[in-house]
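Student: In numbering that gives the first Met the number 0, the protein residues as written are 0 to 435.
Just so you know, the hints here were simulated from the structure itself, not pulled from any lab data. There may be inaccurate statements among the hints.
[As the list claims (entries may be wrong)] Think about it this way: if two alpha-carbon atoms lie no more than 25 Å apart in a straight line, the pair counts; the simulated BS3-like pairs of lysine-lysine are:
1. Lys263 - Lys230
2. Lys263 - Lys415
3. Lys296 - Lys383
4. Lys210 - Lys263
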Amino acid sequence: MEPSLPSCIALVDCNNFFVSCERVFNPKLLGVPTVVLSSNDGCIIARSEEAKKLGIPMGAAAFKYQKLLKEHNVHVYSSNFELYSDMSARVMNILADSAPSIEIYSIDEAFIDLTSIAPEERFAYAQALRARVTQWTGIPVSFGLAPTKTLAKVANDIAKAVSRGKPKPGIGLQSPGVCYLDTPSAIDAALKYLPVGDVWGIGYRYANKLKGYNIHTVAKLLTMPDEWIRKHMTINGLRTVWELRGTPCISLEEIKAPNQTIIKSRSFGIPVRTLPSLKEAVATYATIAAETLREQKQLCGGICVWLQTSWFVAEEHRYFNSETHIFPLPTAYTPTMIAAATSLVEQMYRSDFAYKKAGIMLVDLSPMDPAQLPLFIATDDVPKQTNAMHAVDAVNNKWGSHTVYFVASGVDQHWKSNRQLRSQRFTTQWDELLRV
DNA sequence: TCTGGGGTCCTAGGACCC
DNA sequence: TCTGGGGTCCTAGGACCC
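Make the full structure from the sequences, and use the hints.
Tutor: Written out as C-alpha cells, the structure reads:
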C-alpha cells in the first residue's frame, strides 16, 4: 500500500481569464473566438479556446494577425483592467472564504492549502468549490491538486485538458476542471513524458539549455544529480526539481510581502517628439505610482525614469536612456516626485527622436510608519505634505480617480495609449452598468 | 608552485513568473 | 503605420573595509 502524502496544495486558475470576464457581461461571446489585447492594443494576451484553435499564439503582435482576426470574425477587446481586477477580487474572496489558507498568486491564480482536509475528501471538495466559483461569478476555473506547488501546476494543466475533452487516463483522479495527483505513481505518470519547458520555473532559456544536454522530459531531468542542477540552474532550479520529486520547497505565502519597486510605464498611442508631452507622461506615471506607494503605506528613496523609441525602427533612430534621482528624504509626496521625474526627462531629452514609451520606477521603498528620519535634514514640511496627499487621495477615492489632479500631467493627454475596443467597466462605474 | 584572510555592498546580467 | 506592463530572485565580479 502506498503511504499517504504529507501535504496537499491546490492551484486554482481562471480559464482564459480576461476573455472569461468579457463573456460574463456579454454572453454572445460564448462559443465564438474572442481575444483581449494588451495595453496600447499591441499584443494578444488572452484567447478563448476557439481563438487558440485558429492558431493565434500567446503574446502575438496584434497587427500581424489583423487579417486572420477579420476573416474568422474574432471578437477583439482592448484590456479592461478595472473590470478584470474587480472580477479577480470576487473569485479570490470566494476562495478565501472557503479554503483553510490561501495565497493569491496573480490576477487569475491562487494556491490554497488543502492539507487539513482528509485525503479521500479533497477531490470532491475541489469539485464543489469549483462549481461555487463558477456559479457565483460566471468565471470558469480549474483546480490542480498535488503535494507541492510545482506539481499542483502540473495537475492544473491536466485539469484543463480534461475540460477540453482530452483526459489523461490513468493519471490520478480527474473530472472536467479538476485533477488530483493523489499517489506517487500518479505523479510519476504525469511527469513521464512532460516536456521540461512545461514546468513552472523552467522557461524557454533553461528548456533550450537542457535540450543541449539531451534532457527533454521531466522524468529525465529528475535523474540528474542535485549538484548538476545547482550548477546549471542555480538554487531556484534545484528547488523546482525537489518540488517535482514531491518535497515542498516553495511555501504558501499567505501575507503578501510589500513591493520592493513600483513601476509605471506605458507605450504612447502616437510617436511623441516634444519635451512637454514627455514631461506630461512621466508626471502622470509619477502621480499614479505615488498613489500606489501611499496605498501600500510606503515611502520611496529614489525615482528612476526612462525614455525610449520603438525597437522596431532603424538603429540610428533608436534611443534609450534612463536616469535616477535619489531623494534626500524618503517621500510619497506627489509634487516632489513629479519635479524629480520631469527634471530627469529634461536631462535625457533629445529632440531628434520619436519616442514610443516612457516609464518610471520607484526604488528603495521603506515603510511609512515608522519612517526612518534623517538627522540633518529639516522635516518640518512633512506633516503638511502628508495631510495634503491624504486629502487628494480621499477626494479621488470618493469621487473617482483623476477628480483632482496635477496640471503637470497635462489636460488632453493626446499621447495616451490606444484602447478604443475596451468594454464597459460594468462593476466599478455607475454610468457604465450593464443595461438590460 | 608559492603572493593573507575575511568580510560587506553594489551593479550588471540573466533567469523566471503572470 | 502597428510589437504590453509589472514584478522577483540569483550570481559573479569589482570596490572597498580592517
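Student: Against this structure, judge whether each hint is valid.
Tutor: Now the hints, each set against the structure:
no.	hint	in the structure
1	Lys263 - Lys230	35 Å, violated
2	Lys263 - Lys415	13 Å, holds
3	Lys296 - Lys383	17 Å, holds
4	Lys210 - Lys263	37 Å, violated
Consistency note: the structure conflicts with the earlier hints numbered 1, 4.
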